[in-house]
Amino acid sequence: MIIRLKAYARFRDLLDREMEVDLPEGSTVFDLMKKLASRSVDLDNQIFDSSGRVREDVNIMVNGRHSESLNGPDTALAAGDEVALFSAVVGG
Amino acid sequence: MDSLEESGRYERQIRLFGVEGQKSLKKATALVVGAGGLGSSVTAYLAVAGMGRIIVVDGDVVEISNLNRQILHGARDVGRSKAVSAAETVLGLNPEVDVEAVALFADEDNLADLVSEADLVIDALDNFPARYLLNRAAIEIGVPLFHGAISGFNGQATTVIPEKTPCLRCIFPRSPPKETSPALGATCGVIGSIQASEAIKYLAGKGELLGGRLLIWDGLRAECDEIPIERNPRCGDCGVEEF
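Protein sequences, first through last, are from chains A and B. Quick note: the first sequence uses UniProt numbering, first residue 1, plus one each step. Quick note: the second sequence uses UniProt numbering, first residue 1, plus one each step.
Some clues are possibly wrong.
Calculated Cβ distances over 12 Å to all of chain A for the following chain B residues [claimed, not checked]:
id, residue
1, R12
2, V19
3, R80
4, G92
5, D107
6, N110
7, L114
8, A124
9, I171
10, R221
11, E226
12, P228
Here are the simulated DSSO-like cross-link-like pairs (lysine-lysine), alpha carbons at most 27 Å apart as the crow flies [unchecked claim]:
id, chain 1, residue 1, chain 2, residue 2
13, B, K23, B, K164
14, B, K178, B, K26
15, A, K6, B, K178
16, B, K201, B, K27
17, B, K178, A, K34
18, B, K26, B, K201
19, B, K164, A, K6
20, A, K6, A, K34
21, A, K6, A, K35
Bear in mind the hints are in silico, worked out from the structure with no lab data behind them. All residues carry an ideal CB built from backbone N, CA and C; glycine is no exception.
With the hints as constraints, model all of the structure from the sequences given.
Printed below as a string of structure tokens:
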């Protein structure tokens, strides 16, 4: 199945702004992140922490909803889903 | 001729939203929480635009390292209350503004009372725990919240209209890690100006607000993106569904 991925903020340094990712049926947000992380060590470091969890400063939106308010990394993806990947800023 | 027209101070913007729009600003109270980089930019533009009343909240004092971006404060203000310094600068910019300095850090004990005095709230904070408190207070009291945040050349902004748009917790259900962000005055200017522009549009009834969209500013690329955001029906702050 094809997922549409949009990268923002620091992920724009490592990914195209908009791309299509082919994933097996039944894949989750975590599977998508693993696939992206396999592209480079830099991406792996930007997405996962040393314990293999998605970093707390990484925000993943699935069709406009934050994955943490869905089912976290286990959120199931479906063909045509639009996933946004970005890091929040906090300063004022 | 209306007194707001007579002075000529607002002549160039009355062309945008009329005397009625200007009166809407004059009648309104803005609560600006944080008098740092974003707070400086937002407060300055709200003041010169003719906001009737501005309440500036900040419990911090001015440090020399603030002065690269916090344009409400000058070298002579180092060691002084940011809220007081901000209020003095506002009066210098526009003595018609009724400005109040609240030299306190925003917390659970004071935010509800402060927000209940305001027609709109500006999030110019530097951490998410305090932002969540402000978000909740704005939703409970039913006033719009204009969010901004920065780090280095990057920034983000969105507008929260209670019961209509996603709130800050819908967008960020968990707090990003606390950090001491690198900060550039010009980035604070970009994002703070967007927040001020949103607030003025809201009061004047003009344009399309940044609700349901998170604006992402990438200063190094000089590019602006937006991420469409949906409300979370089970949001802990604004959700309408039972858990």
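How the hints compare with the structure:
1. R12: Its Cβ never comes within 12 Å of chain A, the nearest being 29 Å, so this holds.
2. V19: At about 34 Å from chain A, V19/B clears the 12 Å cut-off, so the statement holds.
3. R80: 19 Å, holds
4. G92: The assertion about G92/B holds, with a minimum of 23 Å to chain A.
5. D107: 16 Å, holds
6. N110: At roughly 18 Å from the nearest Cβ of chain A, N110/B sits farther out than 12 Å, so the non-interface label holds.
7. L114: Holds, since 17 Å exceeds 12 Å.
8. A124: Incorrect as stated: the minimum Cβ-Cβ distance to chain A is 5 Å, not above 12 Å.
9. I171: 7 Å, violated
10. R221: 7 Å, violated
11. E226: Given that some Cβ of chain A is not farther than 12 Å from that of E226/B, nearest at about 9 Å, it is violated.
12. P228: The assertion about P228/B is violated, with a minimum of 5 Å to chain A.
13. K23/B x K164/B: 25 Å, holds
14. K178/B x K26/B: Not satisfied, since the Cα-Cα distance of roughly 37 Å exceeds 27 Å.
15. K6/A x K178/B: Satisfied, since the Cα-Cα distance of roughly 25 Å is no more than 27 Å.
16. K201/B x K27/B: Given that 27 Å is the threshold and the Cα spacing comes to 14 Å, the pair holds.
17. K178/B x K34/A: 25 Å, holds
18. K26/B x K201/B: 14 Å, holds
19. K164/B x K6/A: 25 Å, holds
20. K6/A x K34/A: 16 Å, holds
21. K6/A x K35/A: Holds, at roughly 15 Å.
Against the hints set out earlier in the document, violations occur for numbers 8, 9, 10, 11, 12, 14.
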